[in-house]
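Engineer: Required output: the full structure, derived from the provided sequences and hints.
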Amino acid sequence: MAEDDEQNLKPGQKFPTPTPGNGDRVFYETLFRQRPDSEMAQDWCVAYGVLPEEEAEKVYKAVLKRKGLKKSASSSPLTNSTASKSSTKKKKVKKVLEDVEYDAGMGAGGDEGIGITGL
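Residue numbers (full-length UniProt numbering): 1 to 119.
Here are the computed distance ranges between Cβ atoms for each label pair: (1) Lys70 to Pro20: 28 to 36 Å; (2) Pro20 to Gly68: 31 to 39 Å; (3) Gly68 to Val26: 28 to 36 Å; (4) Gly21 to Lys70: 30 to 38 Å; (5) Glu39 to Pro18: 18 to 26 Å; (6) Lys67 to Gly21: 28 to 36 Å; (7) Asp24 to Leu64: 21 to 29 Å; (8) Glu39 to Lys70: 16 to 24 Å; (9) Phe27 to Glu55: 17 to 25 Å; (10) Phe15 to Ser38: 15 to 23 Å.
Hints listed in this document are in silico derivations from the structure and should not be mistaken for laboratory results.
All figures in this text were calculated on a predicted structure; none of them were measured in a lab.
Ideal Cβ positions, reconstructed from N, Cα and C, are used throughout, including at glycine.
Structural biologist: So this is what it looks like as structure tokens:
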């Protein structure tokens, strides 16, 4: 069944299409209809396959042009490996955590300024 899903993808689609009542879908479709030049609306609508086939192809080409990329027909968008990306992120997070100093005043009992102010 996974093969059927990959064959029915629209141009530039990376994720399964959300149901029509999904809040994100309503927001981005509305934004796209009101402002077709909105980059974030174009990116989301293409990535989630909510546009009609012909319009999706046109917008996908515009997104690729804007990002300076070329259309890749050889790799499936849903099967690309993200292993190299995740290992890089883990290293960055670890480095950031090592650089953060712990403030003892922020632990238990350090609730100054939180809650109701006195009268």
